[in-house]
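Colleague: Given chain A, work out where chain B should sit, using these hints.
Number of protein chains: 2
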Amino acid sequence: MSAATPLAQDRRRASIEGIVGLTRPDMERVNALILSMAGSNVELIPRIAEHLISSGGKRLRPMLTIASALAFGYEGGNHVKLAASVEFLHTATLLHDDVVDESDLRRGTETARTIWGNQASVLVGDYLLGQAFKMMVEVGSMRALAILSNASAVIAEGEVWQLSAAKHMTTSEADYLAVIDAKTAALFAAATEVGPVIAGADEAMQVAMRRYGRDLGLAFQLVDDVLDYDGSAQALGKNVGDDFREGKITLPVILAFARGDEGERAFWRRAMEEGRNDDAALEEAAALLRRHGALEETKARARGYGASAREAVESLPPSPARQALADVVDFCIDRIV
Amino acid sequence: MSAATPLAQDRRRASIEGIVGLTRPDMERVNALILSMAGSNVELIPRIAEHLISSGGKRLRPMLTIASALAFGYEGGNHVKLAASVEFLHTATLLHDDVVDESDLRRGTETARTIWGNQASVLVGDYLLGQAFKMMVEVGSMRALAILSNASAVIAEGEVWQLSAAKHMTTSEADYLAVIDAKTAALFAAATEVGPVIAGADEAMQVAMRRYGRDLGLAFQLVDDVLDYDGSAQALGKNVGDDFREGKITLPVILAFARGDEGERAFWRRAMEEGRNDDAALEEAAALLRRHGALEETKARARGYGASAREAVESLPPSPARQALADVVDFCIDRIV
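Protein sequences appear in the order of chains A and B. According to the numbering used here, the stretch in the first sequence is residues -13 to 323, in order. According to the numbering used here, the stretch in the second sequence is residues -13 to 323, in order.
One chain only, chain A, in its complex shape (with noise of 0.2 Å):
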């Protein structure tokens, strides 16, 4: 790492220890909060909440508010709360996704839906949702506010459209992307973007950070649809084929459709549409994807969206909180190198 060097790029693997370590005080009054707000007298908000927690991800989004307010000298309390608001809109689209997929496990638990059933993730869900809104009000920014209620529409919107487009082997790609940026890319934008709003940086600043979350989020989702057919993923609990199995077309299944002959796209309309997906339909979906480098592709297209994360970044005044940002990026995309 020179002087010279805006940003590290030259580690052998990339990795989240940055934002981990930088965000690690905040991230614990962020758990304090998200335990304090999960709870309720009545008992089954506080269980499923736990479950949840405790069988929960990384919270790369709420890292990722923390470090964006941290990247612009924040030093008020409000980032936490709102790092605690987008892992609530987080967790309640979780919820609400299991019931819609009717899934029974996610990374490798039990879902909440499988335990209490859909009725109680619906309406925890809700909860989750009222409580989220709640403490971005407390927080008293209305900037900061209209791009978090905007975020939590689009979402809903983008889940409405891809359970539209779900089994239909005519969705695009303009389609897809369409629906990954409103159903992940729009929570990541959001969360990124509250970082400079509530420090006070200046417009240039919330544009350059919500292309960074956005396009951060879009090459997320493209790792992410590229885990789900390659066995090596198997360590981030991801099951492979789960997609294939659920009928959600993803990019590289477009790309596999639309560069088959007629037999291939026989295949995949019998597998999508129909649900004619077992074992060995998704060996030779994991073939046709291969034989067309539809992986491959979806990976460069990762890599490119990531590239343009790294570079919205590199606009932000040089600091710990920028480098750790700009290795998030790294880490996602590693997962697929």
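Keep in mind the hints are simulated off the structure, nothing from the lab. Please note: incorrect hints may appear among the correct ones.
One copy or two, either will do: identical chains are not told apart, so a pair holds if it fits within one copy or between any two.
Here are the computed lysine to any residue pairs in the SDA-like style, where the Cα-Cα straight-line distance is at most 20 Å [said to hold, decoys possible]:
| # | residue 1 | residue 2 |
| --- | --- | --- |
| 1 | 120 | 132 |
| 2 | 120 | 196 |
| 3 | 153 | 101 |
| 4 | 44 | 270 |
| 5 | 153 | 105 |
| 6 | 153 | 253 |
| 7 | 120 | 136 |
| 8 | 153 | 17 |
| 9 | 234 | 259 |
| 10 | 153 | 252 |
| 11 | 153 | 279 |
| 12 | 153 | 317 |
Modeller: Frame of chain A, contents of chain B only:
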């Protein structure tokens, strides 16, 4: 109506014509805003929204918001946005409720979940919630946002509570009141409290309008619970016995259970907890409710809350809006006279 009577109470039959006439011009704007905010490029969203709108009820909640603003001389346009938000919060709750209750009919019309499925109902509900918050943010009143976001969390909490309490004859009267306070009265209270808030009325008026909305909401729900066992209510589109068949433990049932002998209690347990709720059981239930005066007692409670709501609006400056708000109370109660 003499000049000495602060609020007219001398009509034979209360009506909502007062509030309907008073709010008509603004409600036309509310309806236009609802249609526009329920719009989306995702075709399924406006289709479901239009279904809800065309099969919708009286739009009582948004009318209350409009009248509550007019009662304090409000002259801007923000009451229209808040009224539309209130209706969206309500509609989102109905969509999710129908999924949770597995309801096939609402007001004699097929529910959205029957036509488009549970998945679409969950997600379109989420979309309407997001749009509701976007409209609230546009209004720019932190106080109104705090009131409505709090209501949104409280409603969901009440629904989870109801889910936990459902089908348990151990549900106490206090449990029941806490549930309807959350799931019904909280939105009425928020809908009426935001009127004086955006009109800049003093805090005493906010407190009065909150009490008015809450007590009206409690009365409204108690009346609904009576109508579920009262055949004369068919005209209102409510199906007699819906609550009974769903195992919903309402105040009439709690009162009859408390006053019943061991044999009767066993009957209620079989019906509500074990689902032995065919037409013969419904008849038996209605007979027990009559024997113990449970419907009369519930009506008396409703009248008590109604009187309290009326008293709350007495403290407002005299105006056609105040009269219209008072008449709404009588109209709600009169459904059971």
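Colleague: Are the hints correct? Go through all of them and say.
Modeller: Hint-by-hint comparison with the structure:
When the C-alpha separation of residue 120 and residue 132 is checked against a cutoff of 20 Å, the pair qualifies both within a copy, at 14 Å, and between copies, at 7 Å. Within a single copy, residue 120 and residue 196 get their C-alpha atoms only as close as 23 Å, which misses the 20 Å cut-off; across copies the closest is 19 Å, which meets it. In the homo-oligomer, the alpha carbons of residue 153 and residue 101 lie at most 20 Å apart only across protomers (19 Å), although the nearest pairing inside one protomer, at 27 Å, exceeds that limit. Taking the shortest alpha-carbon separations for residue 44 and residue 270, neither the intra-copy value of 33 Å nor the inter-copy value of 56 Å comes in at or below 20 Å.
For the homomeric pair residue 153 and residue 105, the shortest alpha-carbon distance between copies (14 Å) is at most 20 Å, but the shortest distance inside one copy (25 Å) is not. For a Cα distance limit of 20 Å, the shortest separation of residue 153 from residue 253 inside one copy, 13 Å, qualifies, whereas the shortest one across copies, 48 Å, does not. Taking identical chains as interchangeable, the C-alpha atoms of residue 120 and residue 136 lie at most 20 Å apart whether they share a chain (15 Å) or sit on different chains (6 Å). In this homomeric assembly, residue 153 and residue 17 never come within 20 Å of each other (Cα to Cα): the closest approach is 38 Å inside a single copy and 35 Å across copies.
When the C-alpha separation of residue 234 and residue 259 is checked against a cutoff of 20 Å, the pair qualifies only within one copy, where the shortest distance is 10 Å, while the shortest distance between copies is 39 Å. For the identical chains of this complex, residue 153 and residue 252 are intra-copy neighbours only, at 13 Å inside a copy versus 50 Å across copies, given an alpha-carbon limit of 20 Å. Taking CA atoms no more than 20 Å apart as the test, residue 153 paired with residue 279 passes in neither setting, with 22 Å inside one copy and 56 Å between copies. Within a single copy, residue 153 and residue 317 get their C-alpha atoms no closer than 31 Å, and across copies no closer than 49 Å, so neither meets the 20 Å cut-off.
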